[in-house]
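There are 4 protein chains.
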Amino acid sequence: MELTRREAIITLIVGATVAALVDADPAAEGGTTTMANATTLPPAYRGNHEPKPLPFDPAKLRGLSEKLLRSHHENNYTGAVKRLNLIQQQLGQLPKDAAPYQVGSLKREELIATNSMALHELYFGNLGGDGKASGTITDLVKAQYGSMETWEQEFRQTGLSLAGGPGWVILAFDPHVQGVHTYWSWDHTHSVASGTPLLIMDMYEHSYAMDYGANAKGYIDAFFQNVQWDEVNRRAERVRQ
Amino acid sequence: MELTRREAIITLIVGATVAALVDADPAAEGGTTTMANATTLPPAYRGNHEPKPLPFDPAKLRGLSEKLLRSHHENNYTGAVKRLNLIQQQLGQLPKDAAPYQVGSLKREELIATNSMALHELYFGNLGGDGKASGTITDLVKAQYGSMETWEQEFRQTGLSLAGGPGWVILAFDPHVQGVHTYWSWDHTHSVASGTPLLIMDMYEHSYAMDYGANAKGYIDAFFQNVQWDEVNRRAERVRQ
Amino acid sequence: MELTRREAIITLIVGATVAALVDADPAAEGGTTTMANATTLPPAYRGNHEPKPLPFDPAKLRGLSEKLLRSHHENNYTGAVKRLNLIQQQLGQLPKDAAPYQVGSLKREELIATNSMALHELYFGNLGGDGKASGTITDLVKAQYGSMETWEQEFRQTGLSLAGGPGWVILAFDPHVQGVHTYWSWDHTHSVASGTPLLIMDMYEHSYAMDYGANAKGYIDAFFQNVQWDEVNRRAERVRQ
Amino acid sequence: MELTRREAIITLIVGATVAALVDADPAAEGGTTTMANATTLPPAYRGNHEPKPLPFDPAKLRGLSEKLLRSHHENNYTGAVKRLNLIQQQLGQLPKDAAPYQVGSLKREELIATNSMALHELYFGNLGGDGKASGTITDLVKAQYGSMETWEQEFRQTGLSLAGGPGWVILAFDPHVQGVHTYWSWDHTHSVASGTPLLIMDMYEHSYAMDYGANAKGYIDAFFQNVQWDEVNRRAERVRQ
Chain F
1 MELTRREAII
11 TLIVGATVAA
21 LVDADPAAEG
31 GTTTMANATT
41 LPPAYRGNHE
51 PKPLPFDPAK
61 LRGLSEKLLR
71 SHHENNYTGA
81 VKRLNLIQQQ
91 LGQLPKDAAP
101 YQVGSLKREE
111 LIATNSMALH
121 ELYFGNLGGD
131 GKASGTITDL
141 VKAQYGSMET
151 WEQEFRQTGL
161 SLAGGPGWVI
171 LAFDPHVQGV
181 HTYWSWDHTH
191 SVASGTPLLI
201 MDMYEHSYAM
211 DYGANAKGYI
221 DAFFQNVQWD
231 EVNRRAERVR
241 Q
Chain Z
1001 MELTRREAII
1011 TLIVGATVAA
1021 LVDADPAAEG
1031 GTTTMANATT
1041 LPPAYRGNHE
1051 PKPLPFDPAK
1061 LRGLSEKLLR
1071 SHHENNYTGA
1081 VKRLNLIQQQ
1091 LGQLPKDAAP
1101 YQVGSLKREE
1111 LIATNSMALH
1121 ELYFGNLGGD
1131 GKASGTITDL
1141 VKAQYGSMET
1151 WEQEFRQTGL
1161 SLAGGPGWVI
1171 LAFDPHVQGV
1181 HTYWSWDHTH
1191 SVASGTPLLI
1201 MDMYEHSYAM
1211 DYGANAKGYI
1221 DAFFQNVQWD
1231 EVNRRAERVR
1241 Q
Chain G
2001 MELTRREAII
2011 TLIVGATVAA
2021 LVDADPAAEG
2031 GTTTMANATT
2041 LPPAYRGNHE
2051 PKPLPFDPAK
2061 LRGLSEKLLR
2071 SHHENNYTGA
2081 VKRLNLIQQQ
2091 LGQLPKDAAP
2101 YQVGSLKREE
2111 LIATNSMALH
2121 ELYFGNLGGD
2131 GKASGTITDL
2141 VKAQYGSMET
2151 WEQEFRQTGL
2161 SLAGGPGWVI
2171 LAFDPHVQGV
2181 HTYWSWDHTH
2191 SVASGTPLLI
2201 MDMYEHSYAM
2211 DYGANAKGYI
2221 DAFFQNVQWD
2231 EVNRRAERVR
2241 Q
Chain P
3001 MELTRREAII
3011 TLIVGATVAA
3021 LVDADPAAEG
3031 GTTTMANATT
3041 LPPAYRGNHE
3051 PKPLPFDPAK
3061 LRGLSEKLLR
3071 SHHENNYTGA
3081 VKRLNLIQQQ
3091 LGQLPKDAAP
3101 YQVGSLKREE
3111 LIATNSMALH
3121 ELYFGNLGGD
3131 GKASGTITDL
3141 VKAQYGSMET
3151 WEQEFRQTGL
3161 SLAGGPGWVI
3171 LAFDPHVQGV
3181 HTYWSWDHTH
3191 SVASGTPLLI
3201 MDMYEHSYAM
3211 DYGANAKGYI
3221 DAFFQNVQWD
3231 EVNRRAERVR
3241 Q
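Protein chains in written order, with the working numbering: chain F, 1 to 241; chain Z, 1001 to 1241; chain G, 2001 to 2241; chain P, 3001 to 3241.
Heads up, some of the hints might be wrong.
[Unchecked claim] Below, a list of computed lysine to any residue pairs in the SDA-like style, where the Cα atoms sit at most 20 Å apart: (1) K96/F <-> E1152/Z; (2) K96/F <-> M1148/Z; (3) K2217/G <-> T2150/G; (4) K52/F <-> G1179/Z; (5) K217/F <-> R3070/P; (6) K2142/G <-> V2227/G; (7) K1060/Z <-> V1227/Z; (8) K2217/G <-> N1076/Z.
These aren't lab readings, by the way, just hints derived from the structure by calculation.
Just chain F, with the same shape it has in the complex (with noise of 0.2 Å):
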């Protein structure tokens, strides 16, 4: 039996489709979401992104549970691993001539999960230490905010803004002043378009309604005093290199 190409991109699709509806659970703990065509794509459709460990022991932060912390790891940060393979691999297997709205709203969960991958990954990196500053990063930020004070009331301000919704707080190195700037940052989707993130604060209501309820202010106060600047350093002097 011959497949005509069109005939052979629907076997793709539907191959695609029914793994899906085998696989796909995105409640899942461990393992990564598979379907059964990826391994013949191209990398960039082949899904095959790895959930990191948590970097830290999550019984030994300040003022932020155990259980806090393994059901944003688990949830929310491997969920989204897992939905951004399913998602790259949905659009290697989309036929040449899907409708763009097809694409389009593929790709923009691809930037959601994507994003949601690195932030994630960025904000745990960025947990786990004694909450003092020192080094290159005070430098830096000094350099361009004048005081730490300074600068940590507008991150802190930036953040209480996103309280009851969700968003990122971002301290990233911005190559247009060569130093460092703080961002706000709603969901998923927004982020600093050229620049290099350094400190990151969740501000989505999962990493603290557990622990703090409505109460984000004290979420802040416990976020400060875990931040890991070892990290913090060793990406400031990576950007600066």
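Keeping the supplied structure of chain F fixed, place chains Z, G and P upon it in accordance with the hints.
The following block gives chains Z, G and P in isolation, referenced to the frame of chain F:
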């Protein structure tokens, strides 16, 4: 006469507002709008970004008129830079106890203007070439997408999905896969959080409506004929070091 | 041959996808795109919205060219109606165990296309008049804003804040205050949740760039010269009954 | 002493800002924040919205704790009403020549706070019942979706697609089809432009995280057990008159 700290803050705000009333002219061409007190603020709030000139002769692009390119550069890009300056100065003069929504709404405007500035500079920077891809970038694209055709197909479809609305298509170097990936981006707020932009296509209607009306496909064809791939290669090589 | 329930679902999806491959032509003019199986679906998924013709002679508006108005109607409005039909049919054929992001991304596309359809119909519906406000609407505006001038000033400024981006300005009847209020709306996803739109101004660049380039102010002047206030009054009177 | 018009405007702004400095306390409970000069403004800028009490006994809902419901009402809903008042007063005191971005960013905050107020009132208004649908609404749902099950399946999936992020699911009466339709809504900015909301489900994490952590499905089950369908029927009958 002595001022209390609170009166001093109020005076600052009034100064800023008066300056804004006097100088803010978002339609004016040339120069950079500044507020009276801005020079005494830390650099983060000084708002002294300068618009860059077009890096090519706008009379010489294929399929994109000089009128369109000049309007795009003077109104949309330069307007964003001036607005960014005003916003940062306003941020620098907010009182310490400003309501979070006041900080948040200005930080959002700052993100929009910052990304508009950065993405426009990258966009104009990757125009003015002969549209013939070669070198590092083709290796990077093939490594992830299998072929330039597969990549270009998705890049174009992502662009078409933004036709009639606003947004950007961004080919970025993604540190997660140590390779390139194309991202859909809705408006100036959207971007990929962790990655370095290499090739940028503006899909805001002001990029093409004057020349192409609603024919976004015609614009995308013209865009590809003018890509400055040498610049894309320079960006790619910088990030791979 | 007997089909299991799962196979039956898959067959439906394949049917839908094949139909989409065959019929989806977002650029085609006239007619309404339909999928093969759509007629057997419940009305919510049948996707049988029909574009309405322009309610005025596009050759006769002041300061808005026939070419612009026809392109706006045929490409942006009619395109949205056709896209909505396709999206609703696709939604109706999703398997019961589709991943939530698949449902969510299509529901988002449905919201965008629905609002684009509705707002464009309201916008074209309130054009074609002589621009002279009188009657019910002026009473309603004065009751809330003190004077037509105060209201028009804010309505115009809200429009200018959307220049170079996309969005709508919406004068709505708000049941909370039993009166009218002007709302800023960023793109087709945004709207006021509880209220009835009375006067709509489209600020997407496709509403003006062909005639006015980046001169949004010139477009707003033209808009006000062509408002069909009789229709605005009809809408206002319907909601006040 | 005579004031020029410009000085008078500046005085107004300063007044507003000082009042904002003094009175703005987004965390305070009870009462309504007001600015000194607000009473002399037209109603649109007076900002005198009053929070409504919960229309049910929060100790008596099934699967939603009193603590969660009170926090939701006092922090998220009441906070939005107070913020709306402040924003409208600030809008009313902007100078006539404010930069468009200043108007636009406040109008955006106004839309967010307005929709948050309206949707929360509708949400609390359709809770407190026995969860048993009957009457007008079931006829309307069946007419569009074929069965309550088909409709509920999509409504729930749409909710799940918002898990871990913010948003609303809205069953609205849509004048285009003279029937009901379910809409996905991302955050407080999103809504259906032309339609009347009948049944609202809040998917912001503050609606459930205190009781359910990341288990959005558990929350959706609880939501359906508490729907006040009589109120939904009242809304439906009002719109069908």
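Hints, verified against the model:
1. Proximity of K96/F to E1152/Z is assessed by CA-CA distance (about 11 Å); at most 20 Å being required, the pair is judged to hold.
2. With a C-alpha separation of about 14 Å, the suggested pairing of K96/F with M1148/Z holds against the 20 Å cut-off.
3. The suggested pairing of K2217/G with T2150/G holds, with an alpha-carbon distance near 17 Å, which does not exceed 20 Å.
4. Restraint check for K52/F and G1179/Z: the C-alpha separation of about 19 Å stays at or below 20 Å, so the hint holds.
5. Our distance criterion of 20 Å between C-alpha atoms is met by K217/F and R3070/P, whose separation comes to about 19 Å.
6. Pair hint K2142/G plus V2227/G holds up; C-alpha atoms about 18 Å apart against a cutoff of 20 Å.
7. Restraint check for K1060/Z and V1227/Z: satisfied, since their Cα atoms lie roughly 13 Å apart, inside the 20 Å limit.
8. Our distance criterion of 20 Å between C-alpha atoms is met by K2217/G and N1076/Z, whose separation comes to about 14 Å.
Violated hints are absent here; each numbered hint is respected by the structure.
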